[in-house]
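Participant: Put together the whole structure using the sequences plus the hints.
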Amino acid sequence: MKKMMKSTVKTGLFVGMALLAAQTAQAHEFRAFGQYIIGIGSTIEPPQVGVANGIDVFAQYDQDPGPGIDLVNLDRAAGDTVNISVIPITVKTESYNGKLVEADEGVFNDFDGLNEIEDGEFGYQATGFTPDADDVGGTGPHTGYLGYYVSAHLKKVGQPGKVLILKKFVCGAGSKDVEFGSSFDCVIP
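The sequence shown finishes on residue 191 if you use my numbering, and the numbering steps up by one all the way, no holes.
Calculated directly from the structure, the hints in this document are not laboratory data.
Cut-off 20 Å, straight-line C-alpha distance, at most; resulting in silico cross-link-like pairs (EDC-like, lysine to aspartate or glutamate):
id : residue 1 : residue 2
1  : K101      : D134
2  : K164      : D66
3  : K94       : E107
4  : K169      : D187
5  : K178      : E96
Just the calculated beta-carbon pair ranges, DEER-fashion:
id : residue 1 : residue 2 : range
6  : Q161      : Y98       : 27 to 33 Å
7  : E118      : G140      : 34 to 40 Å
8  : G160      : A135      : 44 to 50 Å
Glycine included, C-beta positions come from ideal geometry on N, C-alpha and C.
Facilitator: Encoded structure:
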């Protein structure tokens with residue numbers, strides 16, 4: 003009985019934390035890769051064509067590998083490894099399986115130190131990303147929807163690390179987040 007109650011409490015905490023994460027970092031997609039959680043989205047949501055923006059990345063570690071959740075931010079200043087590279091991409095449809103149209107914005111790997119991004123949520127930011135007209139959707143040969151390829155080396159001090167290679171994230175309906183129900187906004191004109 004005690005074990006079942008603990009599991010129920012942990013599941014409730016997991017759902018509560020997921021809802022909190024989705025609410026406090028609105029318009030960012032969070033996905034779990036083992037015990038590591040990555041969240042990504044634009045600094046200004048929704049991103050707008052021609053308006054200077056940035057890329058936010060949340061890097062977290064779940065200290066409780068069971069059915070509950072106990073997230074801590076990965077912090078370089080505390081000795082954690084957080085090496086991130088993000089390539090903005092355009093995919094043909096607002097779908098995770100959308101065909102790659104282009105990756106023309108360069109590689110972003112100059113993410114600053116851990117900062118408060120929004121309402122008590124801490125993450126890393128890179129500046130200099132400006133969505134262009136081909137990211138708004140449409141039927142032209144080089145148009146589609148905003149997405150990102152994320153590669154990362156993550157390691158919480160004292161824990162096994164995780165290497166992610168070209169994990170795909172796509173805006174809106176393209177979200178693959180089945181745990182937290184989160185997504186990031188597509189570009190608007």
